[in-house]
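**Q** Here is how the chains run, residue by residue.
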Amino acid sequence: MAKSNKPIFWGLFAAGGTVTAFVTPALVLITLFAAFGAGMDMFTYEAIHAFAAWWLGKLIIFGVILLSLWHAAHRLRVTAHDFGIRADTVVAYVVYGLAALGTLMTIVYLLRI
Amino acid sequence: MSERQIQLEVLRYNPETDSAPRFQTYAVPCLNEWVVLDALNYVKENLDPTLSYRWSCHMAVCGSCGMMINGEPKLGCKAFIHEYGDSIRVEPLAHFPIERDLVTVVEDFIAKLASVKPYLIPKEDKPVSAGEFKQTPAELMKFKQYTLCINCMLCYAACPQYGLVPEFVGPAALALAHRYNQDSRDGGRDQRQEVVASDEGVWECSFVGACSEVCPKHVDPAGALQQIKVASTIDWYKEHLMPWVKK
Amino acid sequence: MGEEMSRKPYVREISKTTWFLRQPRYMRYMAREVTCIFIFAYTFLLICALGSLADGPDAFQEFLNSLRSPWGVLFNLAVLVVTAYHSLSWFVVTPQAMPIQRGEEFVPGNIIVNAHYGAWAVVSLIILIWGM
Numbered sequence: 018m019a020k021s022n023k024p025i026f027w028g029l030f031a032a033g034g035t036v037t038a039f040v041t042p043a044l045v046l047i048t049l050f051a052a053f054g055a056g057m058d059m060f061t062y063e064a065i066h067a068f069a070a071w072w073l074g075k076l077i078i079f080g081v082i083l084l085s086l087w088h089a090a091h092r093l094r095v096t097a098h099d100f101g102i103r104a105d106t107v108v109a110y111v112v113y114g115l116a117a118l119g120t121l122m123t124i125v126y127l128l129r130i
Numbered sequence: 009m010s011e012r013q014i015q016l017e018v019l020r021y022n023p024e025t026d027s028a029p030r031f032q033t034y035a036v037p038c039l040n041e042w043v044v045l046d047a048l049n050y051v052k053e054n055l056d057p058t059l060s061y062r063w064s065c066h067m068a069v070c071g072s073c074g075m076m077i078n079g080e081p082k083l084g085c086k087a088f089i090h091e092y093g094d095s096i097r098v099e100p101l102a103h104f105p106i107e108r109d110l111v112t113v114v115e116d117f118i119a120k121l122a123s124v125k126p127y128l129i130p131k132e133d134k135p136v137s138a139g140e141f142k143q144t145p146a147e148l149m150k151f152k153q154y155t156l157c158i159n160c161m162l163c164y165a166a167c168p169q170y171g172l173v174p175e176f177v178g179p180a181a182l183a184l185a186h187r188y189n190q191d192s193r194d195g196g197r198d199q200r201q202e203v204v205a206s207d208e209g210v211w212e213c214s215f216v217g218a219c220s221e222v223c224p225k226h227v228d229p230a231g232a233l234q235q236i237k238v239a240s241t242i243d244w245y246k247e248h249l250m251p252w253v254k255k
Numbered sequence: 500m501g502e503e504m505s506r507k508p509y510v511r512e513i514s515k516t517t518w519f520l521r522q523p524r525y526m527r528y529m530a531r532e533v534t535c536i537f538i539f540a541y542t543f544l545l546i547c548a549l550g551s552l553a554d555g556p557d558a559f560q561e562f563l564n565s566l567r568s569p570w571g572v573l574f575n576l577a578v579l580v581v582t583a584y585h586s587l588s589w590f591v592v593t594p595q596a597m598p599i600q601r602g603e604e605f606v607p608g609n610i611i612v613n614a615h616y617g618a619w620a621v622v623s624l625i626i627l628i629w630g631m
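Taken in sequence, the protein lines are chains A, B and C. Residues 18 to 130 (the numbering used here) make up the first sequence, in order. Residues 9 to 255 (the numbering used here) make up the second sequence, in order. Residues 500 to 631 (the numbering used here) make up the third sequence, in order.
Watch out, some of these pointers could steer you wrong.
Coverage of chain A stretches by chain C, computed from C-beta distances (three or more under 8 Å per stretch; other residues unrestricted) [stated by the list, open to error]:
1) 36 to 44
2) 95 to 106
Among chain A residues calculated to face chain B with C-beta under 7 Å, some are [claimed, not checked]:
3) LYS20
4) SER21
5) LYS23
6) PRO24
7) TRP27
8) GLY28
Because the hints were derived from the structure by calculation, they are not lab data. Just so you know, even glycine gets a beta-carbon here, dropped at the ideal spot from N, CA and C.
Using the sequences and the hints given, assemble the complete structure.
**A** Put into structure tokens, the structure is as follows:
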């Protein structure tokens, strides 16, 4: 039996699961406030832009988005199998492809800020 | 001693005459301190000598009497009648083929158990004259809980991934591989990883956690499997990203 | 003996699509797994926010306006509940995946879980104070 290559993705899945467990609920609370339209003045473009323009801010944003994407992608691959979809290779290309696209978009946007 | 009439529904299957299993119900006068295995023994002795099932020790040590009791993998000798209602449904362990009545075909598990080399493979041969392999209490604690496994296969009956993908090496065998990997006297991890770190090894596990919930000896196979995943992932990154680091 | 025993093992088939309906613990597992769909979608929402941030103040304001709808509220509420479930289900199994041995004994699981809850509260507080 050959050793599996799943550790590449599982490593990102596990790291991402931990990161999203710590940060995502708080992030959602913030966007929920924004969706309510509460305190529109607190979401100033300048303040958020300044954070994203700072090198450490960029690194944090990139890290959170990258790990969230690959965490979700890998778990979605497993979940597809659990729902009875047996075309694992196709599923893997689709979910990892989406994660790669999101990663690429994040890099491009961050470089433009 | 209080007595209670129980309707014991047992899944029967006779390979010589039946094309599919069917339920047969027995009315069993049970004493309150009985376990389900006692009820089966009563049936065998008094009502129906053709009923087949495995059992031996009657004290949760031998691991023979695993069965589905009201849909849950249990040891027949550890499932107390007083914890159930007046009707109890007994079936052979899920995910295993039925040989006859409650007896399942377990060759698959035995082969998988053997495939992970569940025995000490010393780092180097040592003559008896060189003395014993010493181990501290802390080193013993690293693997002690995994030594409690009695190979009852309840974890395989609980694991949906084993049910869906029969090639999966499965909880008990992998937890036992981990038991020897964690042993300070052992040097066989590289050999075991060939099976353990394959797609059909630990990577078929999605951490449902059912194995640990049903384990009658609190071995926590699910925990062992996640620890194997962490270690195998560190192996992989070391091997591919830092090939200059030798193990 | 000597006579060959006839064997005809009976295999019980399992549904590949509905197996998880059999037991509550399988349902809990599936609930945990589908959190990834919400996390995936939400991360793309964050990427859209980042894109609008890169496009300038007008685009960012447009993004905020598009969030302000019943659908925006509903989506965020759903994601909030689901990600909180992800966090709880993730932290509660940490001691199994990463046990800590100090001296001979292992640190009790509930201490590890509670430490994670504590850290989660601190991290959330920092994000909320920074973000608002």
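**Q** Checking against the hints above, which ones are violated?
**A** none
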